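With the hints in hand, could you dock these two chains into one complex?
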Amino acid sequence: MLEVLNLHKNYGSFTAVTDVSFTLEPGDVFGFIGSNGAGKTTTIKMLATLLEPTHGTARLDGFDITEHPLEVRKRIGYMPDFFGLYDDVKVWEYLDYFSALYSVPVKDRPGVIDNVLELTDLTFKRDAMVASLSRGMQQRLCLARCLVHDPTLLLLDEPASGLDPRARAELKELLAELGRMGKIILVSSHILPELADFCNKVGIIERGNMLAFGGVDEIARGLKSIKVLEFRVMDRASELSMWLHGKPNIQNTYLMGATTVKVDFDGSHENQVELVRAIVNAGYPVMEVREEGVDLEDVFLNVTQGALN
Amino acid sequence: MSLWMRWEERNPMLAETRIVLRRWLGLKGDNLQAKLVIAAVCVVVLGIIGAVARYSFLVDTTVAFPIAWVLLGLVSIITLHGALAREREKRSMEVLLTTPLTAKQIVLGKLTRAVPAITAILVCVPVFLLASGLGRAFFKENGLTWGDNLPAAVVMVALLGYLVSSSFFAMCLTMAVSAMTQRVAASLLLSFALWIVVYLIVPIILSSIFWGEAGISMWHPMAAFFALVGFSEYSSLSSFIVIGWQLALGAGLLVFAIRRMSRETQAAGAAVSG
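For the protein sequence lines, the chains are A and B, in the order given. Residue numbers for the first sequence follow our numbering, beginning at 1 and rising by one. Residue numbers for the second sequence follow our numbering, beginning at 1 and rising by one.
Among the hints, erroneous ones may be present.
To be verified - Residues from chain A that face chain B, not an exhaustive set, calculated with beta carbons under 7 Å: (1) F22; (2) A48; (3) R75; (4) P80; (5) L101; (6) S103; (7) Y254.
I should point out that these hints are in silico values taken from the structure, not numbers from a laboratory. Here the structure is a predicted model, which means the values were calculated and not measured. Glycine included, every Cβ here is placed at the ideal spot set by N, Cα and C.
Next up, chain B with everything else stripped away, as it sits in the complex (with noise of 0.2 Å):
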């Protein structure tokens, strides 16, 4: 038995994520259009991949993580927003609430959705950063200063990091919201209204109220991550404790998603109707 299988054994919920895979990647199955929509997505990868290893003086590598960072943010609440929502709203939750699944298999099985998606777009950052000739070589080439001069594995570790922790909140961030609404409309909406508030509005509150002052990279997520990549002196510890603060945040709205949806496998407040 695979070791897919054995994970569902443990949480059945899994079952979703795997139905999608197989039709995105499974080579049975008769979803021709959607297979060849990946296979001209990975061309184009491996287009520019090839460009900017040929032509790495040209292309500033270092956009790879902005853009792969935005990507993770909307691919999470594009795969999630639905999770619980939709299921509302197609009336499918109470045929899902009878299954024998706790609301805790229901959550974390569905937060795998987004998995996929992230890995692979996580992965194409080092291949980015290899083909332009990676490693402390790569940030000595573009000048960029790292005040404590860190080996460039910390570096690596703390970008990727950086990367897999806002995924990590982006997807925990929707699926909360999507624990709460009714309809897939506003769990997008709100969503993706909570995430630039998150990123956005509040980091720039922040800084206008401590600009100038070290602490702010501990609440400011983009600050540290232009931080790392060398657009100012805040040096890439802290970028770990933004790794932190995100993963902590990322747990709490999950386990905030758990509670509202026990509450309903529980039965005390499950939709009522006649």
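Chain A on its own, in the form it takes in the complex (with noise of 0.2 Å):
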């Protein structure tokens, strides 16, 4: 379990992170967005040791990541933003060299190689340079190295920048595996809808400040933001949006075509709920009544916004 408490960095004058507080257990994959600058890297650095805090602290199964860094060191996989990988030695002696530095037990070593390469799906790779590889299979090797010691977090600063389509979807894949694996995952990134699929909690950062954390749908829910809701009527449909406009919760109705309405909504679900059996009492003849969905980037946008005005 990972409890983060009130983590605060500041550079001289500079504020980089603002009490950042949140707990993770195992099997969470969280998603830490931000844009660039707004503290993801510097809160994943002070998580992985490398930054000591200006105050507030952070705890892994219990061991305090100030007091104890060196049992801390020992129950994180930490990949950084770029990767750092030794060009000259081949893979399995990289992995045996990372293993030998978190004191894996020399007999248990080639069993804990070959493990780590058919996870990350290198195995044929064994004997290759690591200069050889591509970048996708570079990324990969990055994470193999991150597991030689069975960690219980895995801190990963924008994994997938710079990765292909293919190679991206390898990754969500992997990391989706090892969540199953109950271990707690931390994946940083700027692009949003590259985590919403197999996050399952989400945390918004801007400005050093953690805006919102929680489930995507939580956040979601939380936020009083507009969402789009669609009906499709067999017809009237320009008389339902005079009828609409003016409503409690709506700001906005747009006609779209004979037989649709689209209306901006700002009420809770018990309105909504109203406002269709006011619909439907008004005698229109409505067919279908559909929210669109919320997506990541939208609920960044808006989460965002208000930390910047």
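Next up, the structure:
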């Protein structure tokens, strides 16, 4: 379990991260979203014990990152936003080196190396030089290196940047698999859709402030965001459009052809139920009511807009 | 479990030296070129030793010492200048710092990378001497005089001790420079420059100040060295003082490098961005 408690970092008079707190359970895949310079990397570096927090702390399985950094380091796998690989060694030598640094018992090392190579789909590159690998493979090797000591927490800083769509899809699959293995995974990104489908928790950070934290739906609900409702009727669409105009919680109405009306709606679920009931009671031949899916990008733009204004 | 692996359990950083050693000396693997180079070097060295053995009256074996001394310094600098600077340049330092290693383990472990090459050179020195009919006889035949008439064994210990402590000092100097620099090239140049300053410039300045005074050899490793091989009347005992100096200074530099690294492993001063 990872508990982050009021983590705070100042660089001189500049505040990079302001009192960030959240808790993650084993199996959580946490998407950490923010634009460039929002404080993602600083937060991750503090969790990786590379930076000392100005105040506040975090605990991994009860070990404090500032008081017991060595214990914490045994339990984390950190992948920086650049790979930092040694390119003059072979793939298996690289993994052998890191399993030695993490004090994996000598007799277990061959098995561990085979396992992580298989997991990251690099078995066929076992004897290749690291420098000869493609970017996607180097990425996976980097991840394999994070796994040799079976850590509880994986800190992945922008793992998908610079990967082609195929490599990105493979990475997603791999991270989902690791989540199922019960690891805590923290993935940062500034590209939102790439996180939406496999993260079960999302945090949005902007200018060092954690603006939202929770499940993707939860965040969307917690926001007073405007959602778009789409009504499809058999006829009388323009009449419905006029009728809806000025009703509570409705901001704008748009007539979309002969049978469809869209509205910007900012009410709660209860308000929405009432609205639908009112439309039906008023005798409009409603065939379908559809709520346009909230996508992470909209959520992000909505949330961060407040911080920027 | 082998002795090496037991050491490696105490200091996992030794894995780096193990991987390098396996690459150069291991019988398995496919880097044939490297092994051919080693084999060629061995043939040449054996040939030289053979020639010295056969025609010892032609070869002044004392040249083995200055050659070995310079080689040891260069090998130390070449094998160690990148120890920490390369990690920074390749940006792999952060990854290394998130492993559960202490600064001491990192610095001491990386120091061992120079040991195989240095051992190889040191082994050649007595072999040279043996080849030319070692011992007291050797020194007498060459007409060397020892002010204090020390036994040849002591002289040998002094000579080898001088070479070992010089390379230790060069290793520690390079490690300290590597701990401070961000770039491999900067580390190489600075280590080399400092090595020259310590062994050439400083002795020249000191000898110009203290020329003729007995105390000079304590400050003057090269003077003590030449004293040892018979170019002046300095006693071979003074070389033990120089050995002590070099070991102490080296240890001091090592402590400095460890302090510098532990600033980073304890997170407070790590390089930052974003």
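Quick rundown of the hints versus the structure:
1. A distance limit of 7 Å between C-beta atoms decides the matter here; for F22 (chain A) the minimum to chain B is near 20 Å, and the interface restraint is violated.
2. Interface restraint check for A48 (chain A): the shortest CB-CB distance to chain B comes to about 5 Å, inside 7 Å, so the restraint holds.
3. Taken as an interface hint, R75 (chain A) does not check out: its beta carbon lies about 9 Å from the nearest beta carbon of chain B, beyond 7 Å.
4. The criterion of a C-beta within 7 Å of any C-beta in chain B is met by P80 (chain A), whose closest approach is roughly 5 Å, and the hint holds.
5. With its C-beta approaching chain B no nearer than about 4 Å, L101 (chain A) sits inside the 7 Å limit, and its interface hint holds.
6. At a threshold of 7 Å, the smallest CB-CB gap from S103 (chain A) to chain B is about 6 Å, leaving the interface hint in force.
7. Of the supplied interface hints, the one on Y254 (chain A) is violated, with its beta-carbon coming no nearer than about 41 Å to a beta-carbon of chain B, more than 7 Å.
Hint violations for this structure: numbers 1, 3 and 7, all remaining hints satisfied.
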